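Okay, here's what each chain looks like letter by letter:
Protein chains: 4
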Amino acid sequence: MNVGIVGATGYTGLELLRLLVTHPNVDSLLLTSRKNKGLSVGRVYPEFQSVIDLEYSEPSPEVLADCDVVFFCTPHGVAQTMVPSLLEVGVKVIDLSADFRIRDVSMWEKWYGMTHGAPNCVARAVYGLPEFNREKIALADLIACPGCYPTTVELGLLPLLENGCLELSDIIANVASGVSGAGKTLSTDKLFAEVNDSFKAYGVSGHRHQPEIEQILSEMAGNEVNITFVPHLLPINRGIHSTLYGNLKDSRENVQGLFEDFYRFEPFVQVLPAGLHPSTRNVRGTNICQISVCQPGNNARIIVLVVEDNLTKGASGQAIQCMNIMFSFSETDGLSAAALVP
Amino acid sequence: MNVGIVGATGYTGLELLRLLVTHPNVDSLLLTSRKNKGLSVGRVYPEFQSVIDLEYSEPSPEVLADCDVVFFCTPHGVAQTMVPSLLEVGVKVIDLSADFRIRDVSMWEKWYGMTHGAPNCVARAVYGLPEFNREKIALADLIACPGCYPTTVELGLLPLLENGCLELSDIIANVASGVSGAGKTLSTDKLFAEVNDSFKAYGVSGHRHQPEIEQILSEMAGNEVNITFVPHLLPINRGIHSTLYGNLKDSRENVQGLFEDFYRFEPFVQVLPAGLHPSTRNVRGTNICQISVCQPGNNARIIVLVVEDNLTKGASGQAIQCMNIMFSFSETDGLSAAALVP
Amino acid sequence: MNVGIVGATGYTGLELLRLLVTHPNVDSLLLTSRKNKGLSVGRVYPEFQSVIDLEYSEPSPEVLADCDVVFFCTPHGVAQTMVPSLLEVGVKVIDLSADFRIRDVSMWEKWYGMTHGAPNCVARAVYGLPEFNREKIALADLIACPGCYPTTVELGLLPLLENGCLELSDIIANVASGVSGAGKTLSTDKLFAEVNDSFKAYGVSGHRHQPEIEQILSEMAGNEVNITFVPHLLPINRGIHSTLYGNLKDSRENVQGLFEDFYRFEPFVQVLPAGLHPSTRNVRGTNICQISVCQPGNNARIIVLVVEDNLTKGASGQAIQCMNIMFSFSETDGLSAAALVP
Amino acid sequence: MNVGIVGATGYTGLELLRLLVTHPNVDSLLLTSRKNKGLSVGRVYPEFQSVIDLEYSEPSPEVLADCDVVFFCTPHGVAQTMVPSLLEVGVKVIDLSADFRIRDVSMWEKWYGMTHGAPNCVARAVYGLPEFNREKIALADLIACPGCYPTTVELGLLPLLENGCLELSDIIANVASGVSGAGKTLSTDKLFAEVNDSFKAYGVSGHRHQPEIEQILSEMAGNEVNITFVPHLLPINRGIHSTLYGNLKDSRENVQGLFEDFYRFEPFVQVLPAGLHPSTRNVRGTNICQISVCQPGNNARIIVLVVEDNLTKGASGQAIQCMNIMFSFSETDGLSAAALVP
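Residue numbers (my numbering), protein chains in the order written: chain D, 4 to 345; chain Y, 4 to 345; chain Z, 4 to 345; chain U, 4 to 345.
Keep in mind that a hint or two might mislead.
Put simply, identical chains are the same to the list, so a pair is met inside one copy or across any two.
What the hints assert, rightly or not - As a list, the in silico DMTMM-like pairs of lysine to aspartate or glutamate whose alpha-carbon atoms are at most 25 Å apart:
(1) Lys95 - Asp192
(2) Lys252 - Glu227
(3) Lys95 - Glu58
(4) Lys252 - Glu170
(5) Lys40 - Glu65
(6) Lys40 - Glu138
(7) Lys252 - Asp173
(8) Lys187 - Glu217
(9) Lys187 - Asp107
(10) Lys38 - Asp253
(11) Lys38 - Glu334
(12) Lys40 - Glu256
In case anyone wonders, no lab produced these hints; they're calculated from the structure.
The structure displayed is predicted, hence computed values, not measured ones.
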């Protein structure tokens, strides 16, 4: 099994690498990076010294064509320039960027501010949320990995939407992410002294993850869903915490039981016992999503708390979970380490 | 002007001290602490070395009777044992604990788990939120300072409630606080290695600040208000961020203008220009509350973002603001320093 | 292979558990905890939910006697009460506390403030630093795991001392640790709001790790070594950074080459290329110790920078490394995951 | 009193502004910034909204010529282009950059990598460390403010050097700084996710503050002093902690008494009682430097611990202290607020 990673210098690319070095079915890795071409990974990123002995290559279609699967950890707009030729030669592609997440190409172009370079591939892409799309993922050759926020919101609402328990008109997703979710691109508002010991909302007037979430929630519900979505920036490295608010159609619904039954056989979704609250650190470095449900007033109001590691279940771990499904490996291969606490 | 502080060893007591040492109208301070009796403040808290030369005294009614005003920074249940005798001898009292916040004594006893020691004083207490109660505060001899969360929720909704703009049935307060809000009492879940680099909700099934908030919001609205209230713990020292969700009765309401007009002359409430998001650090160490309002979908949904420093506007600064009003000082005396950024 | 952990509720006990759940040679685990007896691990520590399905047992010698090896993650003074009886029935013991680290029992009693409960076992104990003591560890039945600070100081100086390159009279160890190094015992100075966004030295007048370090450095040098040792508290969860200062006997010594040669075949010690500085995060969650050496003035002054994860190479990882050696497993079994960055 | 600040957008410029808005003798402020020209300060930096109502101006010599004093908070190399013309028209200058700190112009040019633009002004500049140079500062028209690290090292050693107590050959300065010390210039290694929950040394092979420190220590000692200087990066916003190691000429020296006597009348240097360790938070936001001295082995080895806020005593506060001296104000004007703890 030969695996390629395009853009293995950002947080999601390095997270893929961290997880793949212990994956039992990965024989060889090809890492590409224009800027680091020819340099050893361990020299550029000292945390990999002696973990892996590998040099960065130029990202060329010829070299990548020898891979069984290629992961794209590139900024939006890059994967779409290379994916068609890779698919043509039979290489499977797992894209961690947003290039193939939104079915409506014109909506994608509006939110991402560019013309889409491979609109013909969009319909072919399968949204890589295994708990919702496992069968389609198994057959896919192009995976659009979900965004980090969307994964939490969608997993937190899936049992309610599939079972038709939720009023669809007034769902609120109050979400908060660690800083690694914004990547490594330099900007003042990601500097340590700007973020540390502070907290704020951002993008209240509109965030790119909202149309993605609404598309998938609508698929889940079989009906159009619009939500209120407010992201916040947490002074932590990794971790997303979503606090979801909705109203049940029937306030007597046993939601704790519903969630436990729904996710009973999912390897990476854990429903906490009633009364416990998940912390982002519970899942630090893992592919696990922890969920709590609560009906504080014994009325129709339901609150769902969801945590994940934005770099793992929110990105690279979920991408590997998809790879495992596509190649018929055990779904937990390479993803079974316990959380790093504290 | 002689000022007493009972319990000047916790975070709110020391914050009072920090602010009062530069207050132009405070001539002498009396600090009480059973455990530190006879010790110099600067020796116990090295940040005060050479700032103030004072020893802790035993908290006795006789000594406190010489003060013009006494602040209580004590755990719930303590102030109520001393307040009646102080009021009797003409000492004004500003209580930072929850002892006199809730008018319904039986509800107080339910949430705080003890019998109230001075139920006769409850009706006499004025809720110390100057933007709502300034005239009553000026005449009061017993102030019940608002809780830290309630201050943000109440200031964030006051313009809407007083003007009758808001649907009262579905208000949500998604709030997050720095760790100092939980005080210094030892518990595992406040240890650095438990809190750092993590985030979680807590108390989703019920929090003591909820009945306080609902009481005041109902007074503001002239109608019963019930809210959904979900607190979260932030890995920061100081700061509360509240994200408030509601629905306008009329989606065409100019809420930005409404808030700007409502708070135009308030010295400690700042409405940010449309499109800006407040950070907790903007108000670190100050008595300022910053507010943003947003209608992301141009529909009835309104989002109000509110930040304060939980130890200042959320506790000790607001207590001094009340003192300034009670004693006819300038309302900003001792409270005009700029925020500590970064 | 049956493994027991006594005290599997503190940071080192849970770190052992985190590492052992993926260890290829561990068949069954026995976790003891008086306070959590009968409770499931995943219920008490939600990060282990669905990772391990196990209940805490009462720590009794009878139950532990069925183990092949027992780890003690207990406060100082506990292991010594149970170790003799375990050794008697042929159970091997790896003690992560300080009970058997210091050969001079009276010195141990002075620094730890209690009478030693098993002085006869002290001489039998092998100091569990594999890079120094690998052969003895292989034959031992009682391992005294090194302290977290000592591991970094000893590994940073070992190549110099074994080769007789260093003046022994003026060695300085300026060390800094994350808060988990102080354990979970409640104290005000470990509260988040006391530690966060601050930094300080502590224990300058004397720290328990100093006699341990001096004993081992003296063994390495074959001569008495006294050092200046100043610990500091870092506002981070995990990680120790030691900055070691010494003087070479010969300023022309090629120390970079000396270190590279010395540690060339060590699986868990990495000498960084000249000019790089190690970060604690490079080794977060791993058993790796990274070292840089520098001669800034091209004179006799040498500076050695050493980082480790205090819970892994500084405690539980090193304990497993010892177990691997004692039981002839591959030395890296269970310890090969890459660092969690960021 | 008209005060100009050139470069009032970086951390030291905004810190000056924070402190000057409450300074009793400052009547008007002129803030310059090329990039923010015409914008209101409160709009760009929301922490100043309603604190100050002022717009940024273009930094032109004509406008600045009307000031009584001008502070330069600019990158190295900028002040030297404007200072000569300001001095010529009688404006006093306080430069917070390194342009005039080093007397040997060729050494300055070597370390800062550029040709000095105003070498004739270097000799005229007075090094702005009041505890060492108060009389010269009072008469100066050009102040070179000390670097942040140098302030701590110099104040920590001044009593020993002036009294000739210290061996000069083996002084070590192990120093650690919060991230704001590196300014706001964008670089990957200042991103939150790179710095948070980690710690490292940097610049071990050479740092620009070393020649500055050695120049001043040599002046203090009346003899050439060379030191070993190792800086470290702390995951905190503000604060420097220096751990200084030296050897006394006479191990019986009463260093605690020496320090207490030496600094008895200094308003901003506090010698802690024996046995206490200073934390950076003790002085957060203040112009205070706290010092502890320790002789752990009762031998010649002495350890001096020094903390300051790098933006206040290490930069802008000390600059104001110099201004107060130059203009015969009370030295504590604008600098008397207590530390922000926690």
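Status of the hints after comparison with the structure:
no.	hint	verdict
1	Lys95 - Asp192	neither (36 Å within a copy, 35 Å between copies)
2	Lys252 - Glu227	both (16 Å within a copy, 24 Å between copies)
3	Lys95 - Glu58	within (23 Å within a copy, 43 Å between copies)
4	Lys252 - Glu170	both (6 Å within a copy, 20 Å between copies)
5	Lys40 - Glu65	within (16 Å within a copy, 51 Å between copies)
6	Lys40 - Glu138	neither (38 Å within a copy, 43 Å between copies)
7	Lys252 - Asp173	both (12 Å within a copy, 15 Å between copies)
8	Lys187 - Glu217	neither (27 Å within a copy, 38 Å between copies)
9	Lys187 - Asp107	neither (28 Å within a copy, 40 Å between copies)
10	Lys38 - Asp253	neither (56 Å within a copy, 41 Å between copies)
11	Lys38 - Glu334	neither (34 Å within a copy, 36 Å between copies)
12	Lys40 - Glu256	neither (57 Å within a copy, 35 Å between copies)
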